[in-house]
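Undergrad: Chain residues, written in single-letter form:
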Amino acid sequence: MPDTSTGVVVIGGGSTGAGVLRDLALRGIDAILVEKGDLASGTTGRSHGLLHSGGRYCVNDEQAAIECVEEGRILRRIARSVVEDTGGYFVSVTEEDREWEPRFVEGCRRTGITCERISIEEARRREPALSKQVRTVFWVPEDGHLDPFFLVVGNVESARRRGARVMTHTEVSGFLRDGDQVTGVRIRDSKTNEEGTIACQAVINATGAWAGLVARLLGVEVKVVPVKGTMVVLSRRLAYAAINRCHKPGDGDIVVPGLSVSILGTTSAKVPDPETLPIEWDEVRRMIEEGAMMLDGVTTARAMRAYAGVRPLYDLGAEAEGREMSRNFAVIDHQQRDGIKGFTSIVGGKVTTYRLMAERVVDVAARQLGVGTPCTTAEVALNDREEPLDQLRHRPSRLGVPKPHGDESPLQPLLCECELVRPQDAAPWFKDPAVRDLEDVRRRTRSGMGPCQAAICSYRLAARLVTDRDVDGPSATRAMADFLETRWRGVRHVFWGSQLRNMQITTGLHMELFNVDRQLSEIPEPGENLPPPLAGEGQGGGRTPAEIAGQR
Amino acid sequence: MKTDVAVIGSGLAALAAARTVQQSGRRVVLVWPGLSSLYFVFATVDVLGYPTATAADPIDDPAKGLAQLIAKQPGHPYARAGMKAVEDGTSLMLEWFKDAGLAWEGSLNRNFLLPTATGAPKPSCLAPASMTAGDLRRPEPIVLCGFVGYQDFAPELAASNLKQQWKAGEVSAVRVTAPGYGPDRLFTSIDLARSFEDATFRDAVAGQLRDKLIGDGARVGMPGVLGLTTPNETFAAFQRSVGHPVFEIPTIPPSVIALRLFDRLRKHLQEGGIEIIWAAPAHAADVTDGRCRSILLKAAGHELPVEAASYVLALEDWVDGALRAGVHTVRDPFFHQPVAWHKVPTDRAAESLFASQPFEQIGYALTDRLQPADENGKPLARNVFIAGGAMAGYDPSGTKSRGGMAIATGYRAAKEALAA
Amino acid sequence: MITEEFEPVTDTVEEEASVEACTKCTACNTVCPVARSTDIFRGPKALGPDMERFRSPQEAAVTPGLDLCSGCKLCEVTCPSQVSIQEYIRRAQNKGAREKGRTLRDWLLGHTRLLGRFGSLTAPLANFGNSNPLFRLLMERFVGIHRRRPLPKYQWLTFERWFKRHARPVKPRRKVAYFYGCWVNYNDRRLGERAVAVLERNGIEVVVPRQQCCGIPAVVNSNMDLARRYGHENVRHLTPIAEEMDIVASSTSCGLMLKHDYGHLLDIPDSERLGAKTYDIMEYLWMLHEAGELDLNFETVPMRLLYHAPCHLKSHGIGYPAMRLLRLIPGVKLEEVDEGCCGISGTFGVKVEKYDLSMKIGSRLFEAVKAAGSDQVLADCETCRMQVEHGAGATSAHPIEILARAYGHG
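Heads up: the protein sequence lines correspond to chains A, B and C, in order.
Note that numbering that gives the first Met the number 0 has the first sequence beginning at 0, numbered continuously upward.
Note that numbering that gives the first Met the number 0 has the second sequence beginning at 0, numbered continuously upward.
Note that numbering that gives the first Met the number 0 has the third sequence beginning at 0, numbered continuously upward.
Careful: at least some of the hints might be erroneous.
Incomplete in silico selection of chain B near chain C, CB under 10 Å [what the hints assert, rightly or not]:
(1) Val30
(2) Phe39
(3) Val147
(4) Leu258
(5) Ile275
(6) His301
(7) Leu314
It should be emphasised that the hints constitute simulated quantities derived from the structure, not laboratory data.
Even for Gly, the Cβ is constructed at its ideal location relative to N, Cα and C.
Use the sequences and the hints to build the structure in full.
TA: Structure (structure tokens):
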């Protein structure tokens, strides 16, 4: 891994890190983002994807609510292609919920959240699946769905077009220092263990729940409390808009429909280590039971998988526990606090306010670097160029329309039939050095995220690793198996009904027809033989997917 | 609706059972709850590929391997069906294939070792004649051929893998264009199979292949799309035109090789006067005094009782509804008996997808005559017999034994039904 | 020993057909006659359960390719998970039509009864026009009806009016209500006469209640509101009668609407009671036979017959009762021609842009019929019979006509 240099190194490829990278790029500051996994593979990609109107925070966490209101409006402007403007409902089910209502209405008023009480009949006309137990309904038009993967990728691509670089599957193993001044980072390829360095003038620590671990490499403390949240994915949209319980935020009180699925969320439990997030059956069961209080059909819907994410709550020293801790964020200027120059951390917060968080931390870092250019991320659209990301929604209509007769326009093939991903949606990513395995392709395309959980598309993607990336067959097969295994790990927790039946298609195809189980025993263990990085940015010159797409 | 024997199911187990009853001269009705989802797994009939779910070395002689397995595991579906059912069932099926005009090869004493679409060698006992030239026990070099823009068979992936696992000869990959299908155009296995029945298309493909094949003696592996309704003629004509031995490799679904098999067997039964009731899933058994009086079908609008002297319940596996998994309880679809209970769903699924799966072991407890039994070992109904994936211990994935188990249990259950 | 503890989460097993039950096995795609005949059709899996996950009442319907679905329902017949594939396709297509409007042609084809009434009133003129090449050219040009598609002949005397004058049997053992459908009423009264004759021969009094078009032409022409209106009307008129007697239908698709689609596809409340008492006429006669009530004094019918099972008959889930019945008749040599869908699918093969596809779908059947060289092709469905006559040049009949002949009627 060759050594390189830049202005600012951003650690962390979640929404915050991606937002920081774009903010730096828009201010003209040269930057490299370093992420130990893939983009959006930590907290962001494991969120439920609610674009918060702020309604969930308006009673207990006014400042967070106000930020959500403003940021939500900005995102609708700059990131239209990743926002589904569905609106949302706050519904009361129990007597306790009813008692919360006046506080909720007052909170919305104080924080400027649009909120309207509507009749049960009207609510049911709009959302026929609303449970019979629902007593009161508030319409909150500024709730929405935010696709976390495309949000991060959109930010990173926007930054890359302005010269920023990104290195995924690259871990920061230490810092280079010159006295009090941070002068760079030591990096290690997490797949090949190759090492290298990036010399820089400043480092921004945007690693969320991992911020404490990164800061410790410099011998300073950042108190982050990792709080686990477990979510259950249902195989279709039970509702069109987000459904929140109108009460003090608690477990299982939200259903977020987005794209083709509904996500039931979420639990809240402090965990010692952000890497280890075991899913308990009780959590899965509670998500389903609580979801069923708001929406009919939750218990009989097909659960596709369960997953857990980790919130990066910043410990402000208050006595608050888990969910009661503020969803606010904080910029830690380590020069001021710890006397270390060129190192800034951003902690806390949530996906909806990622842009504001980035703006605040870059303000601090830029000031230290002596750059006075103001932030423009609220004005410049994410997809400020014609590119595939602009067309992600309503995909069925883009699949080729056969004319009634005569000159039929050809039907386009699909790579992932469940999530309607076309080969050309995936093709550029095989040329991207930041994409290192099939999970990385999944995050950028949604391939494999439908009911069959990659049974079919995993083969097609593995084939492309060989043809489009010059990977050898055994490595591609291992990548296919790893991809299926990551899907399987989520499916195991909801192993009943149709999802169980569907998994027999997976075992039938991959074990009985392909004999992959025996084939794997002939292939070296993962780690030794995965797709190598392409020569590319951070590794020595290359092109971004956007450039490639531009040339096609 | 009255008959002698009612067979419920549409997979190989049900077909074997229906054929067995047909041969005896008794009346049989076949109740199809839809096509078996696992038809694509039946591109070949795998009797026993490996002695255990994790053993590394494939079995050469399935009959010998089976004898050992039966001796070691008396509760295994194979042991319950018995060696005789395996042998007689297999001969019955091979004869049937011949009668129905399907060209199949193989015997219980020898497994083929056939390359899969991922390039893994896989032991299979019976296979369509169009696949057997791919046998990896033969040394001739192999050229795997795909089509530009066709995603469901990847010659490069398969060839690269096969090179690692098979050292007897050279392996290479080529792609040819499918005339009329551009790379940006959707085309499926079925489209290709249909096109292959057209001589012009076939010859154009063969022409491209001939240009790319250098040297003598190579055999050509094609995706299993060589013909849909007239596969024998299509395959022979294509092979002639290529001038090299050709073999097919089953693709990801929809698999044309399996489609041909199932289409033909179903038709052949119907030609023989056997009635198939479509679209009426059986959902309850009416049992009084230990005998099943009728099986209730969900027909359009009303329930259709099928009254038979005996019944073979031969749903292929979970995916066809042979068992129904609730969150905690697994029930059978006829008697609605709980056959398993799990505190947490993860108890049913191993941590790795590629491990032996606990859920595959779930199924009816059986009597020696393959009747479903209660917890005391007494039959739930004297005149009902089980074949296929609803049997406890029916786990074909690791040992590669689905086809053989389906045939053996289908045959044996039908014999018991005839004797009941 | 299995213990069942209290289960806080219900056992989520899809007892009802549901989009979520789809396991992406592609069984439906392998049997779809349209997918087998053209490569411009994405197949039932894609247009049904796959895209259904992306559809939402709040967003505009996504309709590309939906009109190529002929509505044969073989996908549903084949689905091992009992997914109502057709219903998703129809609902989406209907939503699209509501949003974007439908063509005059599709509006007309949905109004079979209106066409029938007009056609039979002006029978000689209508029949002349329907067989006049110039008129047909204009019809193709301005309406979109393919000029080579033979259209059914209209008859001046409708079945309804014939039945009013028909003398009732003296001492019936049973009563049954006859749902004759538009075809018998306006195009093929003779079929109705024979159905009545066969039933009466078996001591059954036939009642002809007030009835409306079953609605299937409206359903397949993206006019589900109209179909629902028809359905409501039929449920209102027929349910009280169904309390007293069984209802039989001689058209496969009409019968399927009454039995199943009113309750499922059209969500018509209280239609289950009507559905539960409705039988296909051959199904009903076979039940009589199994109860020992069918008159087996058949005359010999020395005919070589070929039976084509209509796709919608498979959807009934009753097997092929016509074949069982006809095999009881001495002299009948009966074979099944098992070559799948005939391709016409009601009004599908009538349309100018679908005609060629429709003929291609049926081509295997036509070849088989020609090769068999039998005296007559039998099919329970009227449009199947039209298609076989047109495509294979064969003569055709409803199986009940053979039974009538065996009883000495014509």
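Undergrad: Does Leu258/B meet its interface restraint, that is, does its C-beta lie within less than 10 Å of any C-beta in chain C?
TA: holds, 5 Å
Undergrad: Against chain C, run the beta carbon of Val147/B and see if the smallest gap drops under 10 Å.
TA: violated, 16 Å
Undergrad: Closer than 10 Å between Cβ atoms is the bar; does His301/B clear it against chain C? Give me holds or violated.
TA: Since chain C brings a Cβ to about 5 Å from His301/B, closer than 10 Å, the hint holds.
Undergrad: Would the hint on Leu314/B be counted as holding, given a Cβ-Cβ threshold of 10 Å to chain C?
TA: holds, 9 Å
Undergrad: Does Val30/B hold up as a contact with chain C if the rule is Cβ-Cβ below 10 Å?
TA: holds, 9 Å
Undergrad: Given Phe39/B was flagged as interface, is its beta-carbon under 10 Å from a beta-carbon of chain C?
TA: holds, 8 Å
Undergrad: Against chain C, is Ile275/B within 10 Å by beta-carbon distance?
TA: holds, 7 Å
Checked against the numbered hints above, the structure breaks only hint 3 and satisfies the rest.
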